[in-house]
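Chains A and B, in that order, are what the protein sequence lines are.
Residue numbers are given in this note's numbering: position 349 of the first sequence equals residue 349, and the series is strictly consecutive.
Residue numbers are given in this note's numbering: position 192 of the second sequence equals residue 192, and the series is strictly consecutive.
By construction, these hints were calculated from the structure, which means they are not laboratory data.
Identical copies go unnamed one by one, so any copy, or any two together, can satisfy a pair.
Subject to a maximum C-alpha distance of 25 Å in a straight line, what follows is the list of computed DMTMM-like cross-link-like pairs (lysine to aspartate or glutamate): (1) 90 <-> 323; (2) 210 <-> 74; (3) 210 <-> 240; (4) 216 <-> 74; (5) 210 <-> 70; (6) 90 <-> 16; (7) 312 <-> 2; (8) 312 <-> 207; (9) 90 <-> 24; (10) 210 <-> 241; (11) 216 <-> 175.
Each chain, written out:
Number of protein chains: 2
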Amino acid sequence: MERLIVTYRLSCEADESPRQKALDIAYEQTVELPEQAVSPELAERIVGRIEELSPLSGDRHKLVISYCLDAVGDELTQCLNLLFGNISLKAGIRIDAIEWPARLLQAFGGPAHGIAGLRELLNVPSGPLLCSALKPMGLSAQALGDYCAAFARGGVHIIKDDHGLANQPDAPFQERLERCQEAVASVNARSGGNSLYFPNVTAGYSELPKRLDAAKRAGCRGVLINAWVTGLDALRYIRDEFGFAIMAHPALTGAYFQPAHGIAPQLVLGDLFRLAGADASIYPNSGGRFGFTVETCEAINDALRRDLPGIKPALPTPGGGMDVRRAPDWVRRYGPDTIVLIGGSLYRQGDLEAASRQLAEAIAQV
Amino acid sequence: MERLIVTYRLSCEADESPRQKALDIAYEQTVELPEQAVSPELAERIVGRIEELSPLSGDRHKLVISYCLDAVGDELTQCLNLLFGNISLKAGIRIDAIEWPARLLQAFGGPAHGIAGLRELLNVPSGPLLCSALKPMGLSAQALGDYCAAFARGGVHIIKDDHGLANQPDAPFQERLERCQEAVASVNARSGGNSLYFPNVTAGYSELPKRLDAAKRAGCRGVLINAWVTGLDALRYIRDEFGFAIMAHPALTGAYFQPAHGIAPQLVLGDLFRLAGADASIYPNSGGRFGFTVETCEAINDALRRDLPGIKPALPTPGGGMDVRRAPDWVRRYGPDTIVLIGGSLYRQGDLEAASRQLAEAIAQV
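With the sequences and hints as input, model every part of the structure.
What follows is the structure, given as structure tokens:
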């Protein structure tokens with residue numbers, strides 16, 4: 001029988017027994033009852049099974065628990081809960097690795113487009129892809145549409161809304177959608193290019209389907225979403241009901257990336273985003289405004305692109321303060337199946353079209 | 001003009017300037033551009049305004065930023081993003097307090113039922129309320145239904161699914177819903193009591209409306225949901241589209257409750273859960289299996305019950321390993337507008353009906 005296998009790194013206080021902490025996790029995440037209140041049959045079948053518990057350096061221990069799939073069912077929501085629901089409220093527990101059974105891979109499904117599919121939509125069969133963001137909030141829809149046109153003329157492949165552009169009065173969603181999609185379509189028509197505009201559809205439950213309908217009607221092929229804000233399953237919903245290419249933004253996820261407590265970034269922004277349906281996953285690149293190491297970034301890249309039976313690979317999308325001058329180096333390091341996301345470093349140059357063209361040429365030569 | 005006022009506690013590294021860190025937050029959470037790329041008009045109007053920056057003890061600083069509501073719009077999703085979206089990926093930033101402008105209070109709306117409304121549904125006009133959880137996963141729907149009946153006979157007011165019961169094969173949602181709702185209705189009919197069964201409706205976007213429809217058809221009056229797993233706005237959706245009383249579970253939220261980085265528990269499980277529509281908010285009580293101090297619990301209680309213009313108060317629901325023997329003390333401490341959530345300590349006693357009755361009598365006498 002297939003099982004879900006989770007590797008944790010425990011950090012134990014002086015008065016904490018690693019064995020007891022391991023048992024607590026196995027019970028807390030399943031039956032949520034003390035051992036003495038659980039029948040031997042359920043203790044054997046449903047409670048997580050400790051497969052390994054071994055000391056690492058210092059106060060740390062490696063713990064491997066396997067879970068019967070009867071504890072998950074087939075739903076992403078309950079899977080998230082089983083992985084880190086209640087233990088998020090404890091301390092010193094970090095999920096370092098997950099081995100996905102085929103049944104859950106199939107149930108969650110992964111990207112609809114994947115790397116090859118998104119390349120086809122963009123008509124860019126090989127080489128690095130370039131993305132930029134429309135901002136800042138406070139501008140009108142018309143001004144953002146003008147930026148969109150400039151990026152498209154400069155050869156940016158994907159032009160996305162900044163993830164903080166929602167439905168504020170300066171550039172309401174519907175108006176921004178129309179201006180930006182018209183702008184990009186008009187440039188494409190003249191240039192023969194194939195840039196795509198991805199509106200930010202992040203919204204509440206009642207509003208999200210309306211935003212997606214509107215994006216469909218406007219002719220968009222992909223969308224941006226703050227996946228942890230909406231709940232991760234929104235990706236599956238968008239994939240299954242609307243068929244858009246999906247670029248997922250990591251807003252709100254950072255709290256899980258604590259050194260001693262949480263979930264490893266490559267599992268959230270790699271495995272989970274990909275399995276839920278992200279075709280591209282944005283993460284804060286090393287050397288920018290955020291603190292990821294290059295090793296973390298490469299672990300995310302690997303999680304997005306590695307072989308998983310029946311699951312298409314997704315595109316790493318490093319961003320968050322990357323300098324245009326360093327972009328070619330990052331492409332060399334991360335490989336061509338990467339979307340380079342650069343915003344501020346283009347805006348700082350003033351002429352968006354010229355700055356974009358120069359960047360597009362620089363990374364195409366890598 | 002009303003503004004959203006957020007108080008942060010910064011923890012600064014030796015090489016970090018508190019003033020620069022404050023400015024970074026003000027820009028990161030709004031325009032997401034470097035200062036030199038933002039026009040003076042937008043810097044003044046849209047970028048967060050630093051209202052106070054003052055040293056606390058050690059490496060800590062108090063920071064107050066006010067935000068123009070044009071940066072939020074009226075949506076809970078963008079509000080969450082503005083509060084902690086990108087800065088979740090940084091370090092040493094903790095939100096300690098939020099002052100809510102009337103416009104956002106009105107836009108989010110808060111509980112539909114609140115304390116008085118939930119008491120009316122339960123026909124318990126005063127005194128502490130008692131809740132227990134159906135578990136463990138692995139039992140059949142029939143077995144869980146039998147537990148439900150025993151709790152109802154014992155006088156438990158709200159009998160909820162354990163938050164890990166989703167749609168697993170041992171007790172699929174629909175079957176469990178029917179068995180448990182029938183069980184509680186049948187006991188109520190015989191006893192003249194008014195216990196309510198709250199099924200756990202946590203599910204993905206396509207499935208959630210079906211679960212809610214089913215719960216409505218079965219005659220349920222309230223539901224349980226893992227609000228951070230589904231995305232917080234699910235509460236508003238359930239409130240507005242289905243009218244259920246909502247009990248919100250804190251699964252996955254714990255990662256935000258780090259000492260130096262995150263969001264204070266009373267803001268997530270108090271303010272945010274309440275504003276999104278929770279009539280009752282479950283949190284891990286002090287002295288149980290989790291690490292909240294009694295001060296944190298009281299801060300959550302206060303956030304749920306305090307006066308907020310136009311927003312009904314919600315019921316604190318301390319749980320997570322509370323011992324029946326200590327329950328009266330907690331009621332005395334937290335006051336009668338509290339739902340005491342006790343599971344394991346009843347299951348350990350074997351006879352659920354007798355154990356529940358004894359507990360119900362003990363807390364009624366406080």
